[in-house]
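If you read the protein sequences in the order shown, they are chains A and B.
Start counting the first sequence at 1; every next residue gets the next number (our numbering).
Start counting the second sequence at 1001; every next residue gets the next number (our numbering).
Keep in mind the hints are simulated off the structure, nothing from the lab.
Think of the CB as a built atom: it goes at the ideal place given N, C-alpha and C, for glycine as much as any other residue.
A hint or two may mislead.
Unchecked claim - Stretch by stretch, here's where chain A covers chain B in the computed footprint (C-beta under 8 Å, at least three residues):
1. 1035-1045
2. 1065-1071
As the list claims (entries may be wrong) - Just some of the chain B residues that point at chain A, by a computed CB distance under 7 Å:
3. Arg1032
4. Glu1075
5. Ala1076
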Amino acid sequence: MHCMEPGGDINWLAQVRRGVAEQCVLALLTRGERYGFELARELGERGQIIASEGTLYPLLARLRRNGLVETSWRESNAGPPRRYYRLTRDGELALASFKKQWRVFRDAVDEIVNEGSQA
Amino acid sequence: MTSRQSTRETDKLVRRYMAQLDAALQGVDASRKDEILAEVHGHIEQGRAELDPDDAVSVRTLLSRVGDPAVIAAEAGAPPPESRRWDAWAPWLIIFGPVASGLGWVAGVLILWTSPTWNRRDKLIATFVSPAGLVALFFGLVATLNAAAACPGHASASCTTRGVTLPLGVAILLVVAGLAAHLLPPIHLMRTRQQRSAFA
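Using the sequences plus the hints, can you model the full thing?
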């Protein structure tokens, strides 16, 4: 891997992000359609979810290609038309299944990590 | 600094960033690459609309939030940097390869085409224009020597030359143009590569 770091610090985060950031984008879209800039700002401000604002766009392209989001062009009051992203039915299903599994996964990780620190 | 100059400076920053992203995305399929470039560019323009679009410092901050082109490219599944290992050699082999040995040039072209660092247009130009420039340079030199040798002083109608016959001025022009065509494409390759690695 080219992103291997001494201690593997960055590496694990990059790998976890790769799967989880997509789900976070799907979750943000349940509140209605958004355009890239809004999503990037929101994810960027929360920190850690995406490596940088720009990495959102390959992620969105991937979601679109996999049929989890669809896009449409809208005029904006200022500037050129914007590409809006909207959840598809497949996207909703994927998110629902993620939510269920994430809870179990997160609890299991917490439990193991905390056991380690109490020992 | 006048505001017109600083506008140009921020435009230049954005253009340079987009060129780096374009280069980093080499190897990603064209439609996906175009989509990402268009979206990132739209993002930057929207960000600029929120701030003083002429202020270089805030544009730099904006670009650093958008992030390192290499990281965006990695997210897009661009080939890892290992395929850029021999990049530094390509321009030099393209310049000196044909003179030293044809094999050197072949190696340079192989490195050039297997690396994702450069776009297709730059690869085509370096592959075809650079050797064509060398050929022009060679004929230009021969013609210059012939013209100079055959027509010393005041050229007359009886002045004869063998092989390549061109007026001296045209021959010299051919040398200059050939040299430029030979050297500029590989120099452009070096600069593109340095811009890329400056951000990585």
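Taking the hints in turn, this is what the structure says about them:
1. A stretch counts as covered by a chain when three or more of its residues have a beta carbon under 8 Å from one of that chain; for the region 1035-1045 of chain B and chain A the count is 7, and the coverage holds.
2. A count of 6 residues in the region 1065-1071 of chain B with a Cβ less than 8 Å from any Cβ of chain A is obtained; the coverage claim is therefore met, three being the minimum.
3. The criterion of a C-beta within 7 Å of any C-beta in chain A is met by arginine 1032 of chain B, whose closest approach is roughly 5 Å, and the hint holds.
4. Checking glutamate 1075 of chain B against chain A by beta carbon gives a least distance of about 4 Å; that is within 7 Å, so the hint holds.
5. A least Cβ separation of about 4 Å between alanine 1076 of chain B and chain A falls short of the 7 Å threshold, and the interface hint therefore holds.
In terms of the numbered hints stated before, the structure departs from none.
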